[in-house]
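Student: Okay, here's what each chain looks like letter by letter:
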Amino acid sequence: MLELQEGFKMNNKEILLSIKDLKTYFPIKKGVIKRTVGAVKAVDGINLDIYKGETIALVGESGCGKTTLGKAILNLVKSTNGEVLYNFDGKFQDILKLNQEEMKMARSKMQIIFQDPYSSLNPAFTIFGSLRESLSTYGIKSKQTQRKIISDLLCEVNLSEEALNRYPNEFSGGQRQRIGIARALLINPELIVCDEAVSALDVSIQAQVLKLLEKFKQERNLTYLFITHNLSVVEYFSDRVAVMYLGRIVELCKTEELFSNPLHPYTKALLSAIPVADIDYKKNQIILKGDVPSPVNPPSGCPFHTRCQYVTEQCKKVVPKLININKDNDEQHWVSCHLYK
Amino acid sequence: MEQDLVIKVDNLKTYFYNNNKCNKAVNGVSFEIRKGKTLCVVGESGCGKSATASSIMQLLPELSRIEEGSIQYFKDDKIIELQELEKNGKEMRKIRGKEIAMIFQEPMTALNPVLKVGYQISESLRVHYKISKKEAKKKAIEVLSNMGIALADQRYNEYPHQYSGGMRQRAMIAMAMCCSPQVLIADEPTTALDVTIQAQIFQLMKDLQNQQGMAIMMITHDMAVVSELADDVAVMYMGNIVESGTKEEIFRNPVHPYTVALMNSIPVLGRGKTQNLQPIKGNTPSPYNRPKGCQFEPRCKYATDECKKMPEEILIAKGHKVRCWNYKKVLK
Amino acid sequence: MKSRQKNIYRKMEKIKQSAENEHQKKENKNRFIAKFLNNKLAVLGLILFIVIVFMCTFPKLFTSYNPSQIQLTIENYLKPPSRTHIFGTDKLGRDVFSSILYGGFQSIQIGLVSALFAGVIGVSLGCFGGYRGGLIDKSFMRLSELMTAFPRIVLVMLLVSIIGRSKMNLLMIFGLTGWSTMYRLTRARVLSLREKEFVQALKAFSVSDNKIAFKHILPNAIGPIAVNFTLSTANFILQETSLSFLGVGISPEILTWGNMINVAKELAVFRSNVWLWLPVGIFMSLFILSINFIGDGFRDASDTSQQG
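Chains as they are written, first to last, in the working numbering: chain L, 310 to 650; chain Y, 1432 to 1763; chain X, -14 to 293.
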């Protein structure tokens, strides 16, 4: 059933997507009768508002759940709990509760660009064949119209019209990624989830793709959820950053704020661990001990307490809430840590 | 400077023959690896850096070979020409693993998934030293715990899939280090690992280098890693080293158009949103359809007709070499 | 070992020379065909296959006798090979050579159509079940395991004895009992392709499940299916033969290779009337071999991991 809520603004910025207490658990089944013996808690209670027109980065290491979150928002994986409220022209609806027809309409607003350029295009189809399927599903069935739309978009990503008749294996990784971007833009979405969209590319090609993404954002007033593990790109590309660890957001604030004033111990360690391509850059080395715990068995209390140098007894027992410590001014800085009350 | 040379590669050419085509993957590469220092070979995919490492270790696949050039290994006053040794001959096998060791990018595929990790390390030890099984086991456990693996005696009996990514890489480093090699070749060892684990591994490698005076040849595509670890840098593009020198020289005075373009196209932490990223125009050419002469010429903004002939290596400052006819224009 | 190394080096020199001579060999658009043609056995198989199929489809070009017109006389009763009948005649006065050709047509038809039928069932179930997963996939899997576990010959014999021995029935029975391999092959490929990102991209556009499975995933799975199809054909021809040998195959009025070999059951025939079963046996073996060679050739040619 549709759930309607009044759209609201915060600080004059309109909210496009509001994630409320989202949990995505993958059950682990064992035995002949497949009893559920546990769950991989990929996304473990996320609260996040995404504003229209912003680029918000989702960073974290492997196993933190960022890719799962990106897919859960589009309902490409089934979530266990929570709501994902999308702003459809002023009215908020929970995407997770839509039926198939409604979901199809909703999906025309949100799209995704994938990481691996080598498996994101169907090797058995030409580019035209692959991309026209998306248009057909949304009612544009005439081949001529499809050709026009697709070749126009390919032109915008600096590929010629003859690319339509070629197969994916004739293109380089960077070119395939550009085709992936063109595909995401086919039905004019508002929100695009970039799931590690530049991570698998050569460094000099990454710049090409980032520039393209920037250009489209300006021209079409897009909103990006930029999932990555590369913090150097984040600093350059995004407006806000959310740091994830074991399925939870541990820090959320503006990009400049995160890099100049990181609060959460994990963020501090992460920033100190990144190698920087500048020999004059000075930093304090915080080397974390141990490995990232498995999302099957997350630690009790704060998920980071096993590796934290400031750990207290409370940290081991109580999960810290995500609270905004900047209540006085406009710039919100959310942290999930007992050290900050 | 000859005393602290461990490996000297001179005009190495390695060609790959696949599908009836000839790929000149390494086309005239020269560099030196010095004792106790780290050389970072940096380049993008297809530039030939992994092929260079495989050539040194004589681990090339069947349909490929070293065409020309020499790889000299300096050991106690002797010079051994590695390219002359038979691939799987006695001499090469004595050197490979014991004196020159290599670690790879994907630890899961570099470790045998059906054998216990401890066994694989002991096996490596027993190939190179005449010791009993018991002694090998003891040494293996010791080396595992030196690499930072907790409860090493328990971990000895486990399989690779029971280790996490970072631990597998440590196990591979343990296997490489157990015979105390003179040179460690690391082929993108942390690309598949998380940043915090990468920091741990780098710290480990630096400690080992300090303790044992080992030389490291680090292959990477990440300039940031180069900035962290390197003493010397060699920038590769399409089979040639286009620029080489100390880390300070390369970062402060890059002179080859490719090096400059590369540095301008990556976002650097600390420079914020106002960085002007400039993508390198064009695409990396197909290895079977290479441009004549300088490989970077089609994408270079300083290109002239002269560039249709392969530039020679020019020494422009102490230890700083560049392969470009027009480097003076870049300096301006 | 040394000579192998020398061979490789010689090949390398040749390639280097041709590369240096600016022999801009056009990008071999069809590596598949090139690889296939490189495989001598496969080419031999293909030639043999074409020859036999041609002979069996146009028997009138090769023989003037028509085995369906039985004219039993003393001259042509069970005669050994002679100039008028190169493989002799059988108990009904039919020329053995023409029987091989006409019978071959029937056998090949049975093989191909059964393989097609079983293929359609197996591929559809494998694609649908493999993509959907869950209960549907599990039940299909159990069904196929049941079919595999049960001795096939016994099952077919059972069904034949119940439904009857007409050609149509036999084709149906073969199809209904022989789909498990195709099913498992298709399912395996679909499972590995299901998690690929291009499939997720299609889902992100709300493309229907059936469309994704059959229109987008299936074309990528065709390789091993095509290979298996050729081997299936051979299999079904052999099956038909075994059934005839056991006496429960296609009704004896229809001439097939199986029916012809059937006569060799009697020891007397086996020993003294060699021309009745040996030529058929050889013909059939050659045909099956040729199909196997072609199948191998397909498999090697479509294998992208092998060095060219």
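If you are wondering where the hints come from, they were derived from the structure by calculation, not from laboratory data.
No residue lacks a Cβ here, since even glycine has one placed at the ideal position from N, Cα and C.
Don't take every hint at face value.
Reference excerpt, derived from the structure (chain L facing chain X, CB under 10 Å, subset only) [said to hold, decoys possible]:
1) Lys380
2) Ile422
3) Pro432
4) Ile595
Student: Take the hints in turn and mark each one as holding or not.
Tutor: Hint-by-hint comparison with the structure:
1. Lys380: With a minimum Cβ separation of about 8 Å from chain X (threshold 10 Å), the hint on L:Lys380 holds.
2. Ile422: holds, 9 Å
3. Pro432: Nearest chain X Cβ about 6 Å off; hint holds.
4. Ile595: Violated, because the Cβ-Cβ distance from L:Ile595 to chain X comes to roughly 35 Å (cut-off 10 Å).
When the structure is compared with the earlier hints, a violation turns up for hint 4 alone.
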